[in-house]
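J.: Residue numbers (the working numbering), protein chains in the order written: chain A, 1389 to 1746; chain B, 1389 to 1746.
Source of the hints: derived by calculation from the structure; they are not laboratory data. Treat the hints with care, since some could be wrong.
Stated by the list, open to error - In silico BS3-like links for lysine-lysine, alpha-carbon gap of 25 Å or less:
1. B:K1481 / B:K1461
2. B:K1428 / B:K1461
3. B:K1560 / A:K1461
4. B:K1560 / A:K1544
5. B:K1481 / A:K1481
6. B:K1461 / B:K1625
7. A:K1625 / A:K1608
Number of protein chains: 2
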Amino acid sequence: MRELTLDDLDDMVIGATLLGTGGGGDPYIARLMVRQAIEKFGPVQIVEPGELDPDGLVLTTAVIGAPTVILEKVPAGTEFVACVRALAAHLGKEPVALMPIEVGGMNTLIPLATAVEMGLPVIDADSMRRAFPQIEMTVFTLAGIPAAPMSVADEKGNVVVFETTTNQTAEKLARASVMQLGMANGISCYPMTVRQVAAHGIQGSMSYCVELGKRLNAVKRGEEGAFEEFLGFSGGKRYFSGKIIDIDRRTTAGFARGTVVLEDLQDADRVMRVEIQNELLIAFEDGEPIITTPDLICFLDYETADPITTETLAYGQRINVIGLPCAPEWHQPGMLELVGPKAFGYDVDYVSMEGVTA
Amino acid sequence: MRELTLDDLDDMVIGATLLGTGGGGDPYIARLMVRQAIEKFGPVQIVEPGELDPDGLVLTTAVIGAPTVILEKVPAGTEFVACVRALAAHLGKEPVALMPIEVGGMNTLIPLATAVEMGLPVIDADSMRRAFPQIEMTVFTLAGIPAAPMSVADEKGNVVVFETTTNQTAEKLARASVMQLGMANGISCYPMTVRQVAAHGIQGSMSYCVELGKRLNAVKRGEEGAFEEFLGFSGGKRYFSGKIIDIDRRTTAGFARGTVVLEDLQDADRVMRVEIQNELLIAFEDGEPIITTPDLICFLDYETADPITTETLAYGQRINVIGLPCAPEWHQPGMLELVGPKAFGYDVDYVSMEGVTA
C-alpha cells in the first residue's frame, strides 16, 4: 500500500488526458474532486491485489453520459458514492477496495475521490488502460465477467440497479437510464473478487498512467531527450505532424462523432484523416489505416506537447499525432470483435503496432 | 376471502376490456394465462384489506410496454414473478398479497396469474379502475405514495430495480428500460402496506369489473332491460351512435396515438371526434368536449355490444359511444393536473359526468 502524492496526482492528470485518446472527459475537473476529497477525508491509498483478501469484493465507479454534458456539468460527487453503496447493498456485501474501470480521461480519477470518501483503498488496475465509449468494452468482457449487477445513480437520489444477461444489454440499459437522468451520472459495475482482478484485470494501470504523465511533463518542460524517453517508455511512435484543415463534428445517440483532417507541416501532399467516436479511433494516411483501435491515437499540441481532447480541436491547430500500443492484456481472443475497428462500424482491418519503434 | 370462479373470470375479461377504454392490452390473452395458472397452481383468492395484517407488504404487477408489441407478444409469465421477486428482495420483505395497479385491460388479470403462482391472495382494489398509459397516473400519486422502489423484468433474466425521487421520474426510467428490453415487460411498483391500500386505494375494483362485465354480458345476450341495467349500475350514459368515417393512427414515443371520427347513424350532420393516446381520452361533439379523461369513453359494437379496442377500429364500423364516470376516489385535489385533459396536452377543460343520467 502506498499513498498517492499530489505530484503523482498532477502526473496522473496529464497521463489520463493522454490515455483518454481525445475523449474520456476532462481529468482537470476530476482532479479538483480528488484534491477536495483528500483535504476532507485523507490521502488516497493505492494497493496491489496481492495485498488484499482474494475473496474480498471490488467495486468500480465512473461517470457515464454524453461527453458534451459531462464537460459542462461538474459532478456533485454524491452520485459516485450513491451508486457504489447501492450496488454493495444489492450484493449484500461491503467492498474491500474500489478500482477504476477506465484509466483514461476523468474516470481515472473519480474512483480516487470516491474511495477516500468511503475509506477504501484503490487497486492499481483497470479494464481498458485507455478510454472507450461503452461499458462492455473491457478485458473483463473478454474474460466472461459480467458487468452486472450494476448500478447507476444521479446526485438527486435516483438510483437504478440492473441484473442483465449480457454486457451488451447492460450497456444499453445503463445508457437508457442515463438519458433520463441528465446525461452525466455515476455508474458502478463489474463487481468482482480481488482474485478476479488479479487474474483478469490490466495490472498497474494507474502507475503506468502516472509514469506516462511524468514523462510527458518532462517533454512539456522541454527537457533534453524527454520526447524519446516518453516514446521509449510507452512503446509509442510519432506518426504525423500536421495542421488541421477540416473538422466535422456531430452528436448522435449520445455519442460525439466526427472526422478531423490534418495536412503535413512540411509536405502538403501528405494528409491524415482521423475518425472520432468520443475517442480518436482510427487514423488513415492517404486512405490507408495506420493506427487502429484498440491501439491509442493521441494528439499532442505541436508546440506545448499538451494532450488535446476532441472538444478543443480547432481549424489551423498544429498537432503531433502519436500512436501508443494498447495494454498487452487486450491481445487475447475476442479483442477485435469487441474493440477492433469493425466493432465501431468501420470496414477496416486492425493494424498492429507491435514491433513498432520510435 | 373468496375464490374467483371461472364464470367470474369470463365476466372480468369483458369488464376489463370495457374499463380498458379502448386500450390496456388484450384481456383475452391474459385470461389464458390465468386459466393456465389456476390449472397448475390452484384457485385465485380475492381478499379485502381488512382480512390482512395492516402492516403486511402489498406488491403490484403489470405488463408495461408499447400496446402494439404487447398485443403481438404473448407474455411468458416469468417476467411478472421475476419483477415481484426482485422488488421483494430489494425491500428485504415478502409480500402478503398482490394487487393490480390497473383494473382495465390485461393488467386486471395478470396479477391473478402471478399471485396463484406465488401462492398469494389478490386484494380487491387498484389505483385507476380504468387503463391509463403512464405509471404515475394513479390515485396513489395523488396520495403522495411513491411508485418506487420499483422493478422491471423481462422473460430472459434481465431485471432492473429503481429508486426514484418522483413518480414522473419513475415513469421515464421504467419506459427507457422497457424500450431496451423488447417493449413488453413485467413491472412491480407502488410497494405499500395493507393499511395504505385501505386508506388510499380504489376499493372493490375487481368486484366492480366482474359486476360490470356480468351486466354487459347480459346486454350481449340481448336480455330485456339489460342495457338500462348496465348503465344504471355504472352510472354511464350513451352519448352517440355512429359509424366511423375517419381514422388516423400513429405510434410516437412508444404510445399509440390517433383520432377517430364518427358520424351519427340517423343525422349525418352530427359528428363525434375522439382523441386516442393508447386509451380513448376525449370525445368532442361538434367541436365541444362532452366526455373527458379521467371519465371513461367506451366503444361498444352497435350490434353485438362487444367492447372495441382502438387496434381493431375500422372504417365503416358502427359503434355506441358510452361514457362511464371514473371511480369516485379520483375526485380529490390534483386529479386534473395528473389525469385531466391538460395532463395529456389538450387545451380542454374537464367536463364532469356527475349528475348524468341514462
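J.: Which constraints among the numbered hints does this structure fail? Numbers only, ascending.
T.: 1 and 6
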